[in-house]
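Chemist: Residues per chain are reported as follows:
Number of protein chains: 2
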Amino acid sequence: MGIVVKLSDSRDSNASLAPLFALVEEDMARVNQFILDKARSNVDLIPELARHLIDSGGKRLRPMLTIAASKLCGYEGDGHQWLATAVEFMHTATLLHDDVVDESSLRRGKTTARLLWGNEASVLVGDYLLGQSFKMMVDVGSLGALRILSDAAAIIAEGEVMQLITANNTDTTEDDYLAVIEAKTAALFAAAAEVGAVIADRPKSEAAALRSFGRNLGVAFQLVDDALDYSGEQSELGKSVGDDFRDGKITLPVVLSYRRGSADEREFWERTLKQGEIGDDDLQTAIDLIAKHNALADTMERARHYGAIARDALAIFPDGDVKSALLGAIEFSVSRPY
Amino acid sequence: MGIVVKLSDSRDSNASLAPLFALVEEDMARVNQFILDKARSNVDLIPELARHLIDSGGKRLRPMLTIAASKLCGYEGDGHQWLATAVEFMHTATLLHDDVVDESSLRRGKTTARLLWGNEASVLVGDYLLGQSFKMMVDVGSLGALRILSDAAAIIAEGEVMQLITANNTDTTEDDYLAVIEAKTAALFAAAAEVGAVIADRPKSEAAALRSFGRNLGVAFQLVDDALDYSGEQSELGKSVGDDFRDGKITLPVVLSYRRGSADEREFWERTLKQGEIGDDDLQTAIDLIAKHNALADTMERARHYGAIARDALAIFPDGDVKSALLGAIEFSVSRPY
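So the sequence lines, in the order shown, correspond to chains A and B.
Residues in the first sequence are numbered consecutively from 7, following our numbering.
Residues in the second sequence are numbered consecutively from 7, following our numbering.
Just so you know, the hints here were simulated from the structure itself, not pulled from any lab data.
Keep in mind it's a predicted model, so treat the numbers as computed, not measured.
It is possible that part of the hints are untrue.
What the hints assert, rightly or not - In the DSS-like style, the derived pairs of lysine-lysine whose C-alpha atoms are separated by at most 30 angstroms in a straight line are:
| no. | chain 1 | residue 1 | chain 2 | residue 2 |
| --- | --- | --- | --- | --- |
| 1 | A | Lys-329 | B | Lys-255 |
| 2 | A | Lys-329 | B | Lys-280 |
| 3 | A | Lys-65 | A | Lys-255 |
| 4 | B | Lys-210 | A | Lys-255 |
| 5 | B | Lys-44 | B | Lys-116 |
| 6 | A | Lys-210 | B | Lys-298 |
| 7 | B | Lys-329 | A | Lys-255 |
| 8 | B | Lys-210 | A | Lys-280 |
| 9 | A | Lys-116 | A | Lys-280 |
| 10 | B | Lys-280 | A | Lys-210 |
| 11 | A | Lys-280 | A | Lys-255 |
| 12 | B | Lys-329 | A | Lys-298 |
| 13 | A | Lys-44 | A | Lys-65 |
| 14 | B | Lys-298 | B | Lys-280 |
Put together the whole structure using the sequences plus the hints.
Modeler: Below, the structure written as structure tokens:
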């Protein structure tokens with residue numbers, strides 16, 4: 007799920023995100039201030055633990071979507087900054103809980119909060135951030151935005167449970183996998199974009215278009231993220247190759263390779279992902295099998311399909327800087343090097 | 007929704023379906039007999055009206071999926087023939103109800119039952135066929151298959167209602183459209199294929215694979231069907247160009263053209279599809295706009311994406327005649343000339 011690229015790196019390497027960064031720069035400066043403010047608490051542990059993750063260099067794509075979407079809809083006010091902060095808190099809470107569930111030790115290249123402060127603290131600080139997130143939404147006072155974001159929170163939780171069930175299950179179909187990523191990733195992308203139209207009081211058609219844009223962008227983004235996990239290129243991006251493999255996560259490159267593989271190959275995937283017996287050479291074997299079955303290229307191809315849908319969703323909006331910036335985010339998502 | 011090609015035509019023009027036809031020929035002869043038997047009733051109107059549609063030359067792709075899926079799973083018995091009959095009845099019931107809702111006057115080139123016998127009779131005979139369908143499923147005695155097919159029946163009905171809501175609504179997004187066709191078309195394709203594994207007592211992984219195959223094939227099939235409605239080629243296939251346009255149906259070629267179009271073009275779509283003011287030259291204008299925005303080609307491109315997923319879903323099954331025949335059905339669906 008996590009955003010893994012440092013802002014500074016992405017600026018250098020990803021020209022297609024530059025217009026979005028430029029567009030939201032001022033607003034995001036305030037969002038970043040709100041994030042620090044709202045992670046405060048008299049209980050020292052809370053800001054300490056929260057800031058460990060908050061300062062770790064995610065590129066904050068989700069709140070940027072909220073800011074840009076509200077700009078696309080001509081919103082004037084500061085509610086979008088608060089909603090963007092709420093979106094980022096919701097995402098951060100999910101990451102904290104994810105790391106507990108996955109027993110992860112590294113996130114964005116840093117030791118996870120759960121290893122430093124314990125699982126219980128990570129769960130509770132996640133809940134605290136989620137609570138803060140809802141408080142901010144309530145303060146904004148848009149019942150519509152509140153409904154969209156609280157629906158998303160429920161769906162994300164559902165997606166996490168679905169992921170727990172599919173973990174280590176090599177029988178997972180592509181449809182199952184898609185259902186998981188639609189819930190755990192795309193739902194928040196969709197909500198983050200949709201609320202931009204809602205606080206700007208734009209017609210339903212624009213809210214639906216932004217929702218569709220966000221949802222399909224989210225699916226494309228996660229597909230590529232899952233491809234990067236088996237790709238040499240991603241070590242340059244601050245993530246280590248094979249994390250998903252070691253966690254027994256069933257992502258599309260694995261689904262395709264397992265299904266297209268021979269009986270022997272399926273035995274390999276079952277031993278490593280189902281039984282969790284992973285030897286020194288197994289990651290390389292996994293990468294070789296994925297290459298043999300063209301599974302990374304086909305995962306990217308599937309991502310481009312969702313990218314195309316996201317692009318068409320935006321077509322109803324007038325051309326201009328904001329729309330170009332959002333189209334750039336799609337371009338970035340489907341063309342990350344793998 | 008409807009299958010529009012006569013069996014004899016498809017044999018000539020669609021080589022990729024030939025292996026499937028050959029494979030299921032004997033079983034389908036029995037299914038066709040069951041269909042005639044079970045459409046009987048002491049109330050003369052029922053068989054008369056039912057046979058009007060039943061004899062009108064659908065190619066019975068859905069029951070063929072049930073037969074082929076059960077063969078792929080090594081099923082031996084005759085339950086698959088009854089389930090296939092139940093599937094076709096469910097589909098026929100939907101068509102009868104569809105024609106009432108859409109106020110259609112032609113189906114597969116013939117005057118619709120509702121024009122000949124009235125709307126009430128069409129609705130009730132549809133219900134009768136649905137009832138017969140459930141009776142046959144119960145007789146087969148597989149609770150699993152019964153659950154899958156009755157779930158599908160509920161989802162199809164939901165899809166029809168969704169379609170009713172999106173009809174004439176030019177704001178429909180691609181996601182909305184996909185939700186409609188997943189419910190009204192893909193759900194029955196999915197169930198038709200899945201029950202083949204279920205009555206053969208195969209493991210869940212095979213049922214899920216067949217379900218995924220059927221679902222994605224169904225989406226691809228419907229996408230292409232919707233493309234054909236704006237294509238000159240389809241007149242050769244027994245359907246008349248522009249039916250969906252005259253009905254104000256919002257299908258993907260329209261969704262893409264509307265969203266990609268200029269303000270003037272959107273006004274055109276709103277006048278014709280929303281207000282239903284359709285003049286003599288408007289169909290040609292619609293076809294020209296769709297061509298201008300590359301919307302048929304892109305609809306076919308989206309269909310190929312789902313075809314690719316359907317293909318991968320089948321990959322876990324051993325190679326052989328049956329698998330080839332099902333792969334041929336995908337090939338047929340995504341490569342119909344448009």
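Chemist: Decide, hint by hint, whether the structure agrees.
Modeler: Right, here's what the structure says about each hint:
{"no.": "1", "hint": "A:Lys-329 with B:Lys-255", "verdict": "29 angstroms, holds"}
{"no.": "2", "hint": "A:Lys-329 with B:Lys-280", "verdict": "27 angstroms, holds"}
{"no.": "3", "hint": "A:Lys-65 with A:Lys-255", "verdict": "24 angstroms, holds"}
{"no.": "4", "hint": "B:Lys-210 with A:Lys-255", "verdict": "20 angstroms, holds"}
{"no.": "5", "hint": "B:Lys-44 with B:Lys-116", "verdict": "23 angstroms, holds"}
{"no.": "6", "hint": "A:Lys-210 with B:Lys-298", "verdict": "27 angstroms, holds"}
{"no.": "7", "hint": "B:Lys-329 with A:Lys-255", "verdict": "29 angstroms, holds"}
{"no.": "8", "hint": "B:Lys-210 with A:Lys-280", "verdict": "16 angstroms, holds"}
{"no.": "9", "hint": "A:Lys-116 with A:Lys-280", "verdict": "27 angstroms, holds"}
{"no.": "10", "hint": "B:Lys-280 with A:Lys-210", "verdict": "16 angstroms, holds"}
{"no.": "11", "hint": "A:Lys-280 with A:Lys-255", "verdict": "9 angstroms, holds"}
{"no.": "12", "hint": "B:Lys-329 with A:Lys-298", "verdict": "22 angstroms, holds"}
{"no.": "13", "hint": "A:Lys-44 with A:Lys-65", "verdict": "19 angstroms, holds"}
{"no.": "14", "hint": "B:Lys-298 with B:Lys-280", "verdict": "21 angstroms, holds"}
The structure shown violates none of the earlier numbered hints.
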